[in-house]
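Each chain is listed here by its residues.
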Amino acid sequence: MNYLDTVVQGVLLGGLYALFAAGLSLVFGIMRLVNLAHGDLIVLAAYLLLITASVLGLSPFVAAAAVAPLMFGIGWLLQRHVLGRTLGADILPPLLVTFGLSIALQNALLQGFSADSRRLNSGALATASIDLGPVSVGVLPLLTFASAIVVIIALNQLFYRTELGRAFRATSDDADTARLMGIQPQRIFSGATAIAMLVVTIAALYLGTRANFDPSIGPARLIYAFEAVIIGGLGSLWGTLAGGITIGLAQTIGAAINPEWQILSGHIAFLLVLLLKPRGLFPRAFD
Amino acid sequence: MRAPMLKVDRLCKSFNSLKVSNSVSFSVSQGEALGIIGPNGAGKSTLFNLITGNLRPDSGRIELMDMGDVTGMPPMQRCIAGVGRSFQIPQPFDELTVFENLLVAAAHGRGLSEHDACDKCGEILEQTELMTVANQRAGGLRLLQRKRLELARAMATGPKLLLLDEIAGGLTECESASLVATIRAIHKGGATLIWIEHVLHALNSVVERLMVLDFGRVIGIGAPFDMMNSEAVKTVYLGIEA
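Respectively, the protein sequence lines represent chains A and B.
Position 274 of the first sequence, counting from 1, maps to 269 under this note's numbering, and the rest follow consecutively.
In this note's numbering, each residue's number is its place in the second sequence (first place is 1) plus 648.
Source of the hints: derived by calculation from the structure; they are not laboratory data.
Even for Gly, the Cβ is constructed at its ideal location relative to N, Cα and C.
There could be a bad hint or two in this list.
[Stated by the list, open to error] Ranges of calculated distance between the beta carbons of each label pair, as one might list FRET restraints:
1) A:His76 x B:Asp874: 27 to 35 Å
2) B:Ile737 x A:Trp256: 52 to 60 Å
3) B:Gln725 x A:Thr157: 18 to 26 Å
4) B:Asp874 x A:Asn151: 55 to 63 Å
5) A:Arg75 x B:Gln725: 15 to 23 Å
6) B:Asp764 x A:Asp126: 35 to 43 Å
[Unchecked claim] On the chain B side, residues computed to face chain A include the following (Cβ under 8 Å):
7) Cys727
8) Ile728
9) Pro738
10) Gln739
11) Phe741
12) Leu744
13) Leu751
14) Ala753
15) His756
16) Glu762
17) Asp764
18) Arg794
19) Thr805
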């Protein structure tokens, strides 16, 4: 077994988990809404990519440019007409509604696409690799990791360098006071969910090109995303990347020891972090 | 006679059987500073909530200069229409820096572009003596600075009418004096103020008229000196038997 190779694969896999988690983290961070349908929305986006790519005969990477605005719109409408109505002092309604949405999405996808597992065909890219001395690294995992970093940089820029980002943070801090400053929290929330769906589209692109997917795999992606966010510490996007890498590493190392241990080791790593650092590896300095 | 900036006409609001605002009528002229005093529970903060739109009155009208009847208008639009407010308990956006707090208010409250908002907020930071802490996180400020930020953020929304809710409360004598000096300067600059305060000497050193509330009713309105010496005010507010 090549340890270095295992570690590199684990880190790169962490990029995918960070992509799963970034959208979840964004929505939770701004409106304290736990979206239990997040994983299923990723799968939905993967199917939209599949249709677009196969009908128009495009590469999934080009199809993503068409699906992204569609998902943006879906996110906006979902927040405006469904999720927005559940927000309030009680945290239960959003959980119930997104749980229901998760089940509805899974079954709608099952109805529409059957339980067959599918894959986005990325052509020669799927098997391309770069030789880096002792290890050979797949181009696709590298692209995934690079995309995760670009997404995190872009979201951080959005948050800390733009007017919209300030409005996001102000609304997250205190929606009632934000309203008195002339901010419309409902529009801010719709914008946040819409942007989260852009990230979901990118996550779906790499989910679908990396491995097979079927309508039932959403909830497991949600769990990985949750674990990445919590390991990293709530509110820190770089922490989320670190969380994703932790799970990715644990999974590949576990799988290298015994292929049956892959998923289990990811969850054990999560539990260990919870045990040792309950607030995550990189909690925000102020709470 | 200057044009009225705000006209409140027979405003009523009850919480169950408790009348917190009982046919309150008054008006404030452009450029005037009106002080509001009254015992706890007299309906002072409720009156502010009615003016900002956070509460809807059961009956009565609120008119703003240039806007007409705003009684049914939501808070966000009133902010844009020119009602700025500071809270009794400062509620800054803790996670944002002091400067960002103002930028949010300036960009959304008065629709300034990023560039103009920066200029305007810089001016306000100078005026409210917050320049030295501009890039600090608002959550870490001391009370006087939080109060100043409350004032600064209300000003950043570009208010025609500025509502101050017990902004001097909880401050030491010295801190209060420095804040009052800032408020006086803002008022001299032409701002129309309505100021609720328990610290009477602070209030009386700025306002031109004083309104006294008790049990949701206006029991007197006039020059501060006259109000402080009126029998009704002494009895109700100061608890001194006439």
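Hint check results:
1. For the pair His76 (chain A) and Asp874 (chain B), the supplied restraint of 27 to 35 Å is violated, since their beta-carbon distance comes to about 57 Å.
2. In this structure, Ile737 (chain B) and Trp256 (chain A) meet the distance hint of 52 to 60 Å, their C-beta atoms being roughly 53 Å apart.
3. Under the hint 18 to 26 Å, the C-beta atoms of Gln725 (chain B) and Thr157 (chain A), about 24 Å apart, fit the expected range.
4. With their beta carbons about 59 Å apart, Asp874 (chain B) and Asn151 (chain A) fall inside the hinted range of 55 to 63 Å.
5. In this structure the supplied range 15 to 23 Å holds for Arg75 (chain A) paired with Gln725 (chain B), their Cβ-Cβ distance being about 19 Å.
6. Checked against the given bound of 35 to 43 Å, the beta carbons of Asp764 (chain B) and Asp126 (chain A), roughly 54 Å apart, lie outside it.
7. For Cys727 (chain B), the shortest C-beta to C-beta distance to chain A is roughly 5 Å, which falls under 8 Å, so the interface hint holds.
8. A hinted interface residue such as Ile728 (chain B) counts as satisfied when its beta carbon comes closer than 8 Å to some beta carbon of chain A; here the least separation is about 5 Å, so the hint holds.
9. The criterion of a C-beta within 8 Å of any C-beta in chain A is not met by Pro738 (chain B), whose closest approach is roughly 10 Å, and the hint is violated.
10. A cut of 8 Å between beta carbons decides the hint on Gln739 (chain B): the least distance to chain A is about 5 Å, and the hint holds.
11. Restraint check, Phe741 (chain B) versus chain A: the minimum CB separation of about 4 Å is within 8 Å; hint holds.
12. At about 6 Å, the closest approach between the beta carbon of Leu744 (chain B) and any beta carbon in chain A falls short of 8 Å, and the interface hint on this residue holds.
13. A hinted interface residue such as Leu751 (chain B) counts as satisfied when its beta carbon comes closer than 8 Å to some beta carbon of chain A; here the least separation is about 6 Å, so the hint holds.
14. Of the supplied interface hints, the one on Ala753 (chain B) holds, with its beta-carbon coming within about 5 Å of a beta-carbon of chain A, less than 8 Å.
15. The closest approach between the C-beta of His756 (chain B) and any C-beta of chain A is roughly 4 Å, which is under the 8 Å cut-off, so the hint is satisfied.
16. Satisfaction of the interface hint for Glu762 (chain B) is found here, the shortest Cβ-Cβ separation to chain A being roughly 6 Å, below the 8 Å cut-off.
17. Hint on Asp764 (chain B) is violated. Least Cβ distance to chain A is approximately 12 Å, over the 8 Å limit.
18. Because the smallest distance between the Cβ of Arg794 (chain B) and any Cβ of chain A comes to about 13 Å, over 8 Å, the interface hint for this residue is violated.
19. The interface hint given for Thr805 (chain B) is met, as the beta carbon of that residue sits about 6 Å from the closest beta carbon of chain A, less than 8 Å.
Comparing the model with each earlier hint shows violations of hints 1, 6, 9, 17, 18; every other hint is respected.
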